[in-house]
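Respectively, the protein sequence lines represent chains A and B.
Sequential numbering from 1 applies to the first sequence in the numbering used here.
Sequential numbering from 1 applies to the second sequence in the numbering used here.
One should not assume that every hint holds.
[As the list claims (entries may be wrong)] When the alpha-carbon atoms are kept at most 16 angstroms apart in a straight line, the in silico EDC-like pairs for lysine to aspartate or glutamate are as follows: (1) Lys185(B) with Glu114(B); (2) Lys185(B) with Asp17(A); (3) Lys176(B) with Asp14(A).
Calculated directly from the structure, the hints in this document are not laboratory data.
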Amino acid sequence: MTSKIINMVEKLKDAEDRLLESMFAAEPIADGGFSQRIVAQIRRRIWVRRLALPVAMLVGGIVAFKPVMQLVTVSSTLLGVVPREFLEIPASVLPQVESVTFGMPLMPMIVLSAMVVMAGILGTRLLNE
Amino acid sequence: MACDGAWQIIQTATLLEVEDQSLVTLAVASQDTAAYGELIRRHQSQVRNFLRKLAGGSTEDADDLAQECFLHAWDKLQTFSGRGSFIGWLLKVAYTTFLQSKRKSKRYSEVLSEVGYVAEQQSRSYTQDTNEVSDLDKLLAVLTEEERAIMVMSYACGLSHREIGDATGLPVGTVKSIIFRGKDKIRTNFDIKDHKHG
């Protein structure tokens, strides 16, 4: 009830208000491609956001590939230094380091695949959010 | 290709009949830029007029601000509760954008003056340029920035006191007293006839 009265009072404009309204009144501005420009900009931004993560993952993968490979190779050679008794675990439990798939040792392949899968899962989650 | 064009026409024709609130829901839920485009088309004139009056100076600057405002509004669209009108919410974003840009340009000129550069009238005071000063420009020049924004929202955009309160973050009573003060200033500076106090 009170708010209705307030609204009514607000609507009861005097001559001064009407004069001010006429002074403040402005011609409508034609769109002239203004809205299209903004929509195009928003669409660009949406695409950039969608592409940013996969591109960053790809670049990161490329940059990290060589050092990771080196790290894996070094760690696998270091395994040879470890006394044999520490390594006397049934062969079936360990990954077969000697085997080669597509010309690459198995161990780096496993690490790389795990990285790709993890990056994929993270990327999908981020995109969904 | 022709089918795409026809679909676009149908979609546009449908969007024209949809209310603001539904368009906002559509834009938020499915990132529908066409729905948001329709909202821009509907309200761009009011937002641009508001910023032109507020910023004074060149229309290009005001239009840049309007563009920035609509981009901010897109980012914050999910915060529109639907409680007030969409234009009220949009003008709130426009006012915030204006104040931010004002602060930025002030900080910029402060940095310039610190390094000893004398900026050539960087601060966009309302009275600056000019050969072409309209009656409204003279009227607005006697008001402070806050008074100007509130008077423009009230008399040019037709917002209610409550909507202005929401847009500026001020209580309704303060909005009313600012309008009263603004009118008083205009009265004392200009010969406005038929006035009644209050």
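Okay, the hints, checked on the actual structure:
1. For the suggested pair Lys185(B) and Glu114(B), the alpha carbons sit about 36 angstroms apart, so the restraint of at most 16 angstroms is broken.
2. For the given pair, Lys185(B) sits about 14 angstroms from Asp17(A) by alpha-carbon distance, which is consistent with the 16 angstroms threshold.
3. A threshold of 16 angstroms between alpha carbons decides the hint, and for Lys176(B) with Asp14(A) the separation of about 15 angstroms falls inside it, so the pair holds.
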